[in-house]
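Chemist: Start from the sequences and build out the full structure, keeping to the hints where you can.
Under the numbering used here, the first residue of the sequence shown carries the number -18, and numbering increases by one thereafter.
Errors might be hidden in some of the hints.
Calculated lysine-lysine pairs in the BS3-like style (CA-CA distance at most 25 Å, straight line) [claimed, not checked]: (1) Lys225 <-> Lys1; (2) Lys127 <-> Lys75; (3) Lys112 <-> Lys147; (4) Lys64 <-> Lys86; (5) Lys64 <-> Lys14; (6) Lys225 <-> Lys9; (7) Lys104 <-> Lys65; (8) Lys239 <-> Lys1; (9) Lys122 <-> Lys112; (10) Lys233 <-> Lys1; (11) Lys14 <-> Lys233; (12) Lys65 <-> Lys86; (13) Lys14 <-> Lys86; (14) Lys65 <-> Lys9; (15) Lys75 <-> Lys14; (16) Lys107 <-> Lys129; (17) Lys107 <-> Lys64; (18) Lys109 <-> Lys14; (19) Lys102 <-> Lys122; (20) Lys86 <-> Lys129; (21) Lys192 <-> Lys0; (22) Lys109 <-> Lys129; (23) Lys129 <-> Lys112; (24) Lys129 <-> Lys147.
Hints in this document: simulated from the structure, not taken from any laboratory.
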Amino acid sequence: MITQRTIRSYLHRSIALSKKLEAIVGTKAGQRKSILVGFGFLIRNRRLAQAISQLNSQYAYEKQILIRSMVEIHINYTWIRLKKTELRANRFIKFAPLELINILKDIEHSGLMGQDEYRSKLKEYKNKRSKVRHLFRNRIKRGKNKDKLIWDRNWASGASLESRLKEVLSSETGKYDSFLYGLYRWLSSTVHGGPTSLNDVLEADMPLRGKLQPESNPMSHLVGAFVVLLATIEALANSSNTIKEIEPELSKLQSALKRLKD
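Modeler: Shown next as structure tokens:
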């Protein structure tokens, strides 16, 4: 039987392996956009895994928030690596000013900054956006002499997370299994404080009180963090041709993962 202590050991070893790979790839991350993106994704997932490892079982339910972030990061990375890799990675990196403009416009009337600061920031971000207009600006035909230029709303060419996941799973298995997206949606309810999350943390009987442990299997989040982090490690090692440099640690962790599945 796999114990919680064993799972923690696997997770800590994968975190250590991530740091080793980061040190190796850090010297070449600037060579290709896809390596740079993968490098950043690995750092994010390693930090999230470290945070999960620090929370005790009392906060297992809250670990779902971090697991959900790890899953989304890995889905994005897998989709980027699937095809048109350098283009997709480049779009991900260079979409930042468009995202900052949208955020800035949302807080324009919030009082968080004066009008002079707002206009200065908006000008700065628009200047940066203009340098990547070839990636994100599109001409929409609206009849004779009525064309309109519009900016993309996201970095993934309009593809939603669900459609990106469908593309990934279809390429791997030849068909779409909705389980992973269903799991993602369930975890998202915890993130956003959705209706099901209210029921999750309340005892069913009266008087009303919060559950001491809303999560029925606290160990599952350690397993999840280990699985996703190891997958991100493998993906970046393959993209950067550094698999041999993290052996035999990688093979040992892959064997540990197989024992978990068995």
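Chemist: Confirm or reject each hint.
Modeler: A quick look at each hint next to the structure:
Using a Cα cut-off of 25 Å, the hinted pair Lys225 and Lys1 holds, with the two alpha carbons roughly 12 Å apart. The straight-line distance between the Cα atoms of Lys127 and Lys75 is roughly 29 Å, outside the 25 Å bound, and the hint therefore fails. In summary, the hint linking Lys112 to Lys147 is not supported, as the alpha carbons are separated by about 32 Å, beyond the 25 Å threshold. For the hint pairing Lys64 with Lys86, the CA-to-CA distance comes to about 33 Å; that exceeds 25 Å, so the pair is violated.
At most 25 Å may separate the alpha-carbon atoms for a hinted pair to count; Lys64 and Lys14 meet this at roughly 14 Å. The straight-line distance between the Cα atoms of Lys225 and Lys9 is roughly 16 Å, inside the 25 Å bound, and the hint therefore holds. The straight-line distance between the Cα atoms of Lys104 and Lys65 is roughly 32 Å, outside the 25 Å bound, and the hint therefore fails. The hinted pair formed by Lys239 and Lys1 meets the criterion: a straight-line CA distance of about 22 Å does not exceed 25 Å.
Between Lys122 and Lys112 the CA atoms are separated by roughly 23 Å; this keeps the pair inside 25 Å, and the hint holds. At roughly 15 Å between alpha-carbon atoms, Lys233 and Lys1 fall within 25 Å of each other, so this suggested pair holds. This hinted pair does not check out: Lys14 and Lys233 have alpha carbons roughly 30 Å apart, beyond 25 Å. At most 25 Å may separate the alpha-carbon atoms for a hinted pair to count; Lys65 and Lys86 exceed this at roughly 32 Å.
Note on Lys14 and Lys86: the hinted pairing is violated, with a Cα-Cα distance of about 29 Å set against a maximum of 25 Å. For the given pair, Lys65 sits about 20 Å from Lys9 by alpha-carbon distance, which is consistent with the 25 Å threshold. At roughly 10 Å between alpha-carbon atoms, Lys75 and Lys14 fall within 25 Å of each other, so this suggested pair holds. Restraint check for Lys107 and Lys129: satisfied, since their Cα atoms lie roughly 18 Å apart, inside the 25 Å limit.
Taking the CA atoms of Lys107 and Lys64, the gap is near 30 Å; set against the 25 Å cutoff, the hint is violated. Of the pairs offered as hints, the one joining Lys109 and Lys14 holds, with about 18 Å between alpha carbons and a cut-off of 25 Å not exceeded. Straight-line distance between C-alpha atoms of Lys102 and Lys122 comes to about 31 Å, which puts the hinted pair past the 25 Å bound. Using a Cα cut-off of 25 Å, the hinted pair Lys86 and Lys129 holds, with the two alpha carbons roughly 21 Å apart.
Between Lys192 and Lys0 the alpha-carbon distance is near 36 Å, which puts this suggested pair outside the 25 Å criterion. With a C-alpha separation of about 21 Å, the suggested pair Lys109 and Lys129 falls inside the 25 Å cut-off, and the hint holds. With a CA separation close to 19 Å, the supplied pair Lys129 and Lys112 stays within the 25 Å bound. A threshold of 25 Å between alpha carbons decides the hint, and for Lys129 with Lys147 the separation of about 31 Å lies outside it, so the pair is violated.
Going down the numbered hints, you'll see the structure goes against 2, 3, 4, 7, 11, 12, 13, 17, 19, 21 and 24, while the others check out.
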